[in-house]
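Could you put together the complete structure from these sequences and hints?
Residues per chain are reported as follows:
Number of protein chains: 2
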Amino acid sequence: MEKLKVAVLGLGTVGASVPLILREHQEKISQVTGVEILVSKALVRNIPAKKALAEEYDIELTTNYEDILNDSEIKIVVELIGQIEPAKTYILEALAKGKHVVTANKDLLALHGKELISAAKKAKVDLYYEASVAGGIPILRTIANSLAADNITSVKGILNGTTNYMLSKMATEGSTYEEALAEAQSLGFAESDPTNDVDGIDAAYKVAILSQFAFGMSLEVGDIEQQGIRGIAQADIQMAQQLGYEVKLIGSAEKNQGSVSANVGPVLVAKSHPLASVQNEMNGVYVKSSGVRESMYYGPGAGAKPTATSVVSDLITVAKNSRLGINGYLFNSYVSDTKLTSATEIKGKFYLSIQVVDKVGQFLKLTEIITGTGVSIDQLIQQKSANDSARIVAITHEMTKAQLMTVIDQINDVTEFKLIAAYEVLDK
Amino acid sequence: MEKLKVAVLGLGTVGASVPLILREHQEKISQVTGVEILVSKALVRNIPAKKALAEEYDIELTTNYEDILNDSEIKIVVELIGQIEPAKTYILEALAKGKHVVTANKDLLALHGKELISAAKKAKVDLYYEASVAGGIPILRTIANSLAADNITSVKGILNGTTNYMLSKMATEGSTYEEALAEAQSLGFAESDPTNDVDGIDAAYKVAILSQFAFGMSLEVGDIEQQGIRGIAQADIQMAQQLGYEVKLIGSAEKNQGSVSANVGPVLVAKSHPLASVQNEMNGVYVKSSGVRESMYYGPGAGAKPTATSVVSDLITVAKNSRLGINGYLFNSYVSDTKLTSATEIKGKFYLSIQVVDKVGQFLKLTEIITGTGVSIDQLIQQKSANDSARIVAITHEMTKAQLMTVIDQINDVTEFKLIAAYEVLDK
Chain Y
429 MEKLKVAVLG
439 LGTVGASVPL
449 ILREHQEKIS
459 QVTGVEILVS
469 KALVRNIPAK
479 KALAEEYDIE
489 LTTNYEDILN
499 DSEIKIVVEL
509 IGQIEPAKTY
519 ILEALAKGKH
529 VVTANKDLLA
539 LHGKELISAA
549 KKAKVDLYYE
559 ASVAGGIPIL
569 RTIANSLAAD
579 NITSVKGILN
589 GTTNYMLSKM
599 ATEGSTYEEA
609 LAEAQSLGFA
619 ESDPTNDVDG
629 IDAAYKVAIL
639 SQFAFGMSLE
649 VGDIEQQGIR
659 GIAQADIQMA
669 QQLGYEVKLI
679 GSAEKNQGSV
689 SANVGPVLVA
699 KSHPLASVQN
709 EMNGVYVKSS
719 GVRESMYYGP
729 GAGAKPTATS
739 VVSDLITVAK
749 NSRLGINGYL
759 FNSYVSDTKL
769 TSATEIKGKF
779 YLSIQVVDKV
789 GQFLKLTEII
799 TGTGVSIDQL
809 IQQKSANDSA
819 RIVAITHEMT
829 KAQLMTVIDQ
839 INDVTEFKLI
849 AAYEVLDK
Chain D
429 MEKLKVAVLG
439 LGTVGASVPL
449 ILREHQEKIS
459 QVTGVEILVS
469 KALVRNIPAK
479 KALAEEYDIE
489 LTTNYEDILN
499 DSEIKIVVEL
509 IGQIEPAKTY
519 ILEALAKGKH
529 VVTANKDLLA
539 LHGKELISAA
549 KKAKVDLYYE
559 ASVAGGIPIL
569 RTIANSLAAD
579 NITSVKGILN
589 GTTNYMLSKM
599 ATEGSTYEEA
609 LAEAQSLGFA
619 ESDPTNDVDG
629 IDAAYKVAIL
639 SQFAFGMSLE
649 VGDIEQQGIR
659 GIAQADIQMA
669 QQLGYEVKLI
679 GSAEKNQGSV
689 SANVGPVLVA
699 KSHPLASVQN
709 EMNGVYVKSS
719 GVRESMYYGP
729 GAGAKPTATS
739 VVSDLITVAK
749 NSRLGINGYL
759 FNSYVSDTKL
769 TSATEIKGKF
779 YLSIQVVDKV
789 GQFLKLTEII
799 TGTGVSIDQL
809 IQQKSANDSA
819 RIVAITHEMT
829 KAQLMTVIDQ
839 INDVTEFKLI
849 AAYEVLDK
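Going line by line, the protein sequences match chains Y and D.
Following my numbering, the numbering of the first sequence begins with 429 at its first residue and continues without gaps.
Following my numbering, the numbering of the second sequence begins with 429 at its first residue and continues without gaps.
By construction, these hints were calculated from the structure, which means they are not laboratory data.
Keep in mind that the hints are not guaranteed to be accurate.
It does not matter which identical chain is used: a pair holds within one copy or between any two.
As the list claims (entries may be wrong) - Taking lysine to any residue and the SDA-like style, the derived pairs with C-alpha atoms no more than 25 Å apart in a straight line are: (1) Lys552 x Leu752; (2) Lys550 x Leu752; (3) Lys525 x Ser546; (4) Lys469 x Tyr493; (5) Lys777 x Asn579; (6) Lys552 x Asn749; (7) Lys525 x Glu653; (8) Lys456 x Lys716; (9) Lys856 x Ala698; (10) Lys829 x Asp816; (11) Lys716 x Leu448; (12) Lys716 x Gly616; (13) Lys456 x Lys552; (14) Lys716 x Ser458; (15) Lys431 x Leu752; (16) Lys829 x Ile629; (17) Lys456 x Ser546.
Below you can see the structure in the form of structure tokens.
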């Protein structure tokens with residue numbers, strides 16, 4: 429059987445799982461592609477450290493990328509180094525040499541996707557990156573293939589496993605933010621510097637890629653409003669539970685009459701909503717559309733084997749395309765003009781949590797602020813805290829983002845009020 | 429732009445939605461396929477009844493299939509008549525004439541899939557049927573494309589919206605089986621003869637198709653053990669709720685070392701399991717695999733627009749294939765020898781609900797029967813019922829299907845015992 433040779437850049441846990449999966453499923457893969465896909469070379473930093481692995485799978489190791497670039501037998505480069513450089517240069521060089529590229533690099537696709545996609549188009553080669561969003565969930569391919577006949581109006585996802593794990597622990601075990609973070613770190617879910625996860629940056633990258641597939645719109649990461657879960661209060665998570673909600677870090681992109689709005693932030697998700705059932709380190713992407721109406725895709729968002737499985741499914745696609753002579757078509761061919769929705773058009777229900785000095789009249793003052801901006805209140809609850817402070821929690825009816833800004837400004841103007849949280853509310 | 433002409437057989441609610449969706453998303457579809465897909469003819473029984481619709485979309489109506497078959501401009505036939513004949517003959521004739529076929533007909537694919545698939549292969553044309561399983565959920569395409577790099581070990585789905593709606597109502601509103609059925613019928617979810625839904629036949633058809641994609645194995649519908657929800661007791665649903673479970677009608681196919689077992693039946697699904705969150709008329713398919721480990725696909729299982737959206741996504745695939753000159757490849761190209769798992773190898777936890785004459789010693793008698801077959805008991809609960817009868821409920825630890833048969837036989841041998849339910853238990 430014809431062999432299709434692949435080079436892997438980076439033999440970390442994901443990279444090492446690629447040859448494993450190719451070998452495990454060789455028969456099935458050959459059956460659907462008509463070729464034998466194998467990793468023949470790998471770029472590593474430390475050859476001795478990867479020697480045993482290389483011998484097991486008969487992979488030639490190199491520390492010099494030129495060895496891969498100039499090997500005309502290598503038809504596909506799998507980039508698993510991560511971050512921007514040198515990954516970006518490596519990919520551009522591979523594409524220019526006529527090699528297909530498969531990558532799991534969300535940072536790169538979110539920040540430089542346009543440039544990479546146009547380079548692949550110019551070179552008439554394939555560029556696939558299913559694993560860059562929600563690891564093992566085939567969400568990009570699903571949107572590109574199966575929802576092409578549909579009009580997606582919103583995509584909301586639990587896109588970061590680390591923060592979802594932390595929020596699950598805080599809800600079910602009553603852990604504090606610090607305890608949950610320490611536990612996520614000890615399990616290897618969170619990096620020692622958790623910034624990208626807890627500040628919502630990782631989720632924002634994924635929202636940028638999802639928007640491209642769902643709406644054909646290329647959002648800059650800077651266009652995506654970001655609020656993380658850093659320092660999120662146990663009291664707010666418990667209050668949400670009591671009110672029938674789970675607090676989730678949601679990455680969202682919504683279409684409103686030709687424009688799109690995107691953000692990442694903590695959201696109170698009604699327990700009856702499918703996203704509320706996505707627990708621990710799992711991911712879920714909930715899609716609203718005019719045809720199918722609602723669908724959700726659930727699975728692991730990270731992990732070596734799920735991610736490598738996604739990478740290999742991309743390799744299978746490239747192999748099929750090569751066999752059929754149809755390389756060079758875009759992973760996502762839906763393109764539309766990008767226009768951002770203004771804050772006066774973005775609507776939502778919101779949860780406001782405010783620490784107040786515990787004295788008569790505070791309830792009234794908050795009510796006046798909210799109703800004064802023309803917003804009606806769904807629920808208002810006062811909770812006694814320690815010392816002389818209390819916590820007032822309000823859930824509003826639907827309001828615009830512009831109205832929310834006004835309410836927040838006015839709350840901040842009251843010296844006896846301290847705004848703890850302003851989260852969106854997602855009912856079923 | 430080049431036009432790709434389609435004929436629709438049957439202009440019911442789904443059929444009428446196909447030209448609507450094609451028109452609504454014409455621009456997006458043309459962008460991804462490079463052609464304009466349009467319905468030019470439709471086969472109907474009553475031309476006057478469909479006249480207004482036909483005029484709106486410029487569709488030529490006919491009551492004679494020959495008009496479609498002999499129209500060489502029609503490249504794709506969409507079969508939406510349902511059931512076996514004349515649908516089967518129509519499809520075979522279209523394939524033989526070199527026309528591609530898209531169908532939503534699960535009965536036909538489950539019962540005669542092999543014959544249709546080999547006819548399409550012989551004629552080198554496309555045959556797609558995404559809408560035949562779980563309506564709006566792109567589960568077949570997902571398994572065929574994205575899980576090709578994976579080894580699926582089990583597929584468990586809520587595949588019938590009618591029965592899921594009924595079970596949801598019984599659980600949340602305390603309705604009896606008869607009330608829930610009447611409500612489903614009044615909402616148009618259930619037919620006046622609900623046999624196919626409530627006896628699990630519809631779900632079994634879908635399991636047969638899913639098995640073909642997940643395991644490459646062609647199961648006969650007769651190989652799929654079927655138990656429906658007809659007459660399911662409110663008492664068992666409430667007991668399940670108390671024990672932390674939702675009762676769901678689950679269609680399941682599992683691989684065990686090269687053989688496969690498949691069945692449809694009521695299952696107690698732990699509330700923490702993703703399938704437990706699939707409520708009302710929604711469908712969900714939960715996939716276990718060695719690479720991705722667990723994933724779930726959630727969406728509407730029926731309805732005109734979701735089903736028609738799936739049909740149009742198949743039309744887009746055929747249009748892309750035609751443009752690239754790659755028609756005639758199988759929707760699912762994974763084929764493996766079919767072997768059924770024997771009852772001594774199928775394992776599970778089970779819930780047994782037994783009506784007993786209320787007197788001392790019954791608890792002991794049931795315990796003796798279960799433990800006598802080498803099975804240990806997880807939970808045992810006795811509930812006082814009306815009159816002189818009581819209900820004993822047992823949840824076992826893992827046992828084989830063969831052991832279950834022995835236990836059931838012995839329960840049936842005790843004149844004071846009446847077995848009400850024997851359902852599998854699915855923990856998270």
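Practice task
Classify it for me, lysine 552 with leucine 752: is the Cα-Cα distance of at most 25 Å met within a copy, between copies, both or neither?
Solution key: both (14 Å within a copy, 15 Å between copies)
Handout entry: Intra- versus inter-copy proximity for leucine 752 and lysine 550 (alpha-carbon distance at most 25 Å)
Key = both (20 Å within a copy, 19 Å between copies)
Problem - Within, between, both or neither, where lysine 716 and leucine 448 count as close if Cα-Cα is 25 Å or less - result: between (37 Å within a copy, 19 Å between copies)
Practice task
Could you figure out if lysine 456 and lysine 552 sit no more than 25 Å apart (CA to CA) within one copy, between two copies, both or neither?
Solution key: Answer is between: at 22 Å across copies they meet the 25 Å cutoff, but 28 Å inside does not.
Handout entry: Alpha-carbon proximity between lysine 431 and leucine 752, which holds within one copy, between copies, both or neither at 25 Å
Key = Classified as both; 15 Å inside a copy, 24 Å across copies.
Problem - Homo-oligomer pair classification [lysine 716, lysine 456; C-alpha up to 25 Å] - result: Answer is between; shortest inter-copy Cα gap is 17 Å, intra-copy 34 Å.
Problem - Homomeric proximity label, lysine 525 with glutamate 653: Cα distance no greater than 25 Å - result: Neither: 38 Å inside a copy, 55 Å across copies.
Practice task
If the cutoff is 25 Å on CA atoms, where do lysine 456 and serine 546 land: within, between, both or neither? Let me know, please.
Solution key: Only across copies: lysine 456 and serine 546 sit 20 Å apart there, 33 Å inside one copy, limit 25 Å.
Exercise for the section: Please work out whether the CA atoms of lysine 552 and asparagine 749 approach to 25 Å or closer within one copy, between two copies, in both situations, or in neither? Expected result: both (12 Å within a copy, 18 Å between copies)
Problem - Within, between, both or neither: lysine 777, asparagine 579 at alpha-carbon 25 Å - result: within (24 Å within a copy, 43 Å between copies)
Practice task
If the cutoff is 25 Å on CA atoms, where do lysine 716 and serine 458 land: within, between, both or neither? Let me know, please.
Solution key: Only across copies: lysine 716 and serine 458 sit 22 Å apart there, 36 Å inside one copy, limit 25 Å.
Exercise for the section: With 25 Å as the alpha-carbon cut-off, assign the pair lysine 829 and isoleucine 629 to within, between, both or neither. Expected result: within (21 Å within a copy, 50 Å between copies)
The structure fails hints 7 and 10 (numbered hints given earlier, in ascending order).
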